[in-house]
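Protein chains: 4
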Amino acid sequence: MKDIAIYEKQSFGQKLGFGRKTALLIIDFQVGFTSADVLGGFNINQAIDNTAKLLNAARKAGLPIGHVRFATANNGRDVGTFGDKVPALKTITEESPEAQFVESVMPLPTEYVSVKRHSSAFFGTNFAAWLAYEGVDTLLITGCTTSGCVRASTVDASAHGLRPLVVTDCVGDRAEEPHHASLFDMGQKYADLITLDEVLKEIA
Amino acid sequence: MKDIAIYEKQSFGQKLGFGRKTALLIIDFQVGFTSADVLGGFNINQAIDNTAKLLNAARKAGLPIGHVRFATANNGRDVGTFGDKVPALKTITEESPEAQFVESVMPLPTEYVSVKRHSSAFFGTNFAAWLAYEGVDTLLITGCTTSGCVRASTVDASAHGLRPLVVTDCVGDRAEEPHHASLFDMGQKYADLITLDEVLKEIA
Amino acid sequence: MKDIAIYEKQSFGQKLGFGRKTALLIIDFQVGFTSADVLGGFNINQAIDNTAKLLNAARKAGLPIGHVRFATANNGRDVGTFGDKVPALKTITEESPEAQFVESVMPLPTEYVSVKRHSSAFFGTNFAAWLAYEGVDTLLITGCTTSGCVRASTVDASAHGLRPLVVTDCVGDRAEEPHHASLFDMGQKYADLITLDEVLKEIA
Amino acid sequence: MKDIAIYEKQSFGQKLGFGRKTALLIIDFQVGFTSADVLGGFNINQAIDNTAKLLNAARKAGLPIGHVRFATANNGRDVGTFGDKVPALKTITEESPEAQFVESVMPLPTEYVSVKRHSSAFFGTNFAAWLAYEGVDTLLITGCTTSGCVRASTVDASAHGLRPLVVTDCVGDRAEEPHHASLFDMGQKYADLITLDEVLKEIA
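Protein chains in written order, with numbering that gives the first Met the number 0: chain L, 0 to 203; chain W, 0 to 203; chain D, 0 to 203; chain R, 0 to 203.
Be aware that one or more of the hints could be misleading.
The calculated label-pair distances, taken between Cβ atoms and stated as ranges, are [stated by the list, open to error]:
#1 R/A87 with W/K14: 39 to 47 Å
#2 R/A60 with D/S10: 34 to 42 Å
#3 R/E94 with D/A60: 42 to 50 Å
#4 W/A87 with R/R58: 28 to 36 Å
#5 D/P86 with R/Q99: 39 to 47 Å
#6 D/Q13 with R/A60: 39 to 47 Å
#7 W/K52 with L/P86: 33 to 41 Å
#8 W/P86 with D/A4: 49 to 57 Å
Simulated from the structure, these hints should not be mistaken for laboratory data.
Just so you know, even glycine gets a beta-carbon here, dropped at the ideal spot from N, CA and C.
Just chain L, same shape as in the assembly (with noise of 0.2 Å):
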């Protein structure tokens, strides 16, 4: 990036750092976004199976969990305009093989589950408020697209007075450009980058 100099000399990129007590959340791994055919593409797959990796450590040290899935309840009207802007959306419908969490990542019957009608996990659901019961204030970020829900996501974690933390190996896009760019995007202005390794250190 070569325009890194504009944003160290305005103070961008600062460290938030891990606070009092984190959770996790897993965005859209869900069937649909497994094939370049749905919704997929890249480095998904590899970020799912990075994530399960990530889930199994979270459960044995006690985080919080959320999961987010994607899908229309209502023939695709309750999507909006991102409905129009992108038709395949429509034909997710709740019970979709395509709205199907993915097995290695399937939440438990204890866990946070919504299903979403737009981007941000925060969006139409009520994952900000269960996060504020849970006493939650650092939120590990990880699932698909990068440059989607992912980024909505992380742009309303920090909107929400949380620290968001996104974690690079377990999040993935359909195209690598917009993967990379909105990695640079997230980590100047809302969120930390951080790898899995990290993370896993941190949460042992």
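Dock chains W, D and R against chain L, hints included.
Leaving out everything else, chains W, D and R in the frame of chain L:
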């Protein structure tokens, strides 16, 4: 963008067009974003000049107009982790010179105004409620930065059921790559990209 | 109400009327609210019968229709302190008999549906976004309880810029005094109080 | 309340108690609510006097303190249908005498302040985000009116996962019946009712 084919294959990037009633949103064209020594840079000042033309036309056409600016009312505490990530934000108090609207795009007393503490014009404001009350379904989006507050507002406009139209000559960023990367993402997922000339013809 | 004079003097209780486009909202007419042994009581079952008539008329008139019900997806953790205050709520899981819509007001697949975890139909749902997408500005409000979820939804409908019209024969509560007290407050501050007959004439 | 038995049978009205960290919220103790000729009446002025004592104690105890007041920034358009229902609200501009905080409960520059356009302290503000950033899980609620902004804020505090504690001597209304009816509802469904003396002992 070398990966554009996968977006096309997956149905991204359809056109929304204008709807029933259009409003204009101007984001963060405030003094602190006019200088690269504070939070500005690259093409922001040109975007302000173009937006002044659009504002003039929108007033003539009788469009509802909303203005938002960023500031803290509480020594930066109310900016949360966003201020910890970018400490310069904590110094922009409501009364500071950096928080004041730029003269050429100054609001009229009858126009909607909010001070916001985060990226999105929708977060922590009643902008969405005002748009609903005005009967607006289409939002012309201008302001800065493309990869920050413009993008966050565009994602939220989509989630709120609106048609977001990003006016490409009227949005600016402190650096070139993030500007173009966010235009691409917004155009594929959430918004139509539209030029100032196209808008001027439509609303005349 | 002996204090009504002060409300009149202070300009409360003006009429809103119908606007551009009307939708119908039905709140929490689910099995658990049909019995005083669970969460029901007083006039709720009569309100359900009346609402079935309104629903039928609204479908004939082509109004957008939204249904919400209360349930927890997470053993009550996602209900937060609301569940600590009223522990019976924690047992109403999404699949429980108490969480299912009452037969006479069952949604059609094309109608908007949300499961909510709190009182307001707007909180933690994308109901407001769906209304915006449908171009709705006027909301007929039915359901239970008058002093709980109906009132919370009415307050939020007002805040979201809509015209809330509470259909007095179609809302019910578990106890009489709170029912009447909340009707008074809503009629003075947020909503028009309107009878089923008046609505049927208007939308016919 | 003759119907109290059904609330007890259905498990309503359990106690929440204090949690990990407590904040104080003061709602709409502004000049316009001190006179029955504008928006005041009944016991509001007594509630202000009591709240001044609580504010003093809260500052000594180092509690985070939030102040909200009602005003329009836009000639009443940004108040939406709330202003159509209660036209007096449209005249309370941000700079008007009626919109200014009462002297005895004036905020300090380090305390959280928001101007709101609707009933709830949470709606169209970033109050919830600030509470999350401060690590607050328990909210002492004071202000006016009990049946209006206090109740709306209490319902939202519950929905946001917080423990709402309504300080009964520190909330007031323009009329007696709505004051008592809303205290009953809040105590059964959303919040603990607690006296000023009890709070002073707890936070001392």
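Here's how the hints hold up against the structure:
no.	hint	verdict
1	R/A87 with W/K14: 39 to 47 Å	holds (45 Å)
2	R/A60 with D/S10: 34 to 42 Å	holds (40 Å)
3	R/E94 with D/A60: 42 to 50 Å	holds (46 Å)
4	W/A87 with R/R58: 28 to 36 Å	holds (30 Å)
5	D/P86 with R/Q99: 39 to 47 Å	holds (43 Å)
6	D/Q13 with R/A60: 39 to 47 Å	holds (43 Å)
7	W/K52 with L/P86: 33 to 41 Å	holds (34 Å)
8	W/P86 with D/A4: 49 to 57 Å	holds (55 Å)
Hint violations for this structure: none, all hints satisfied.
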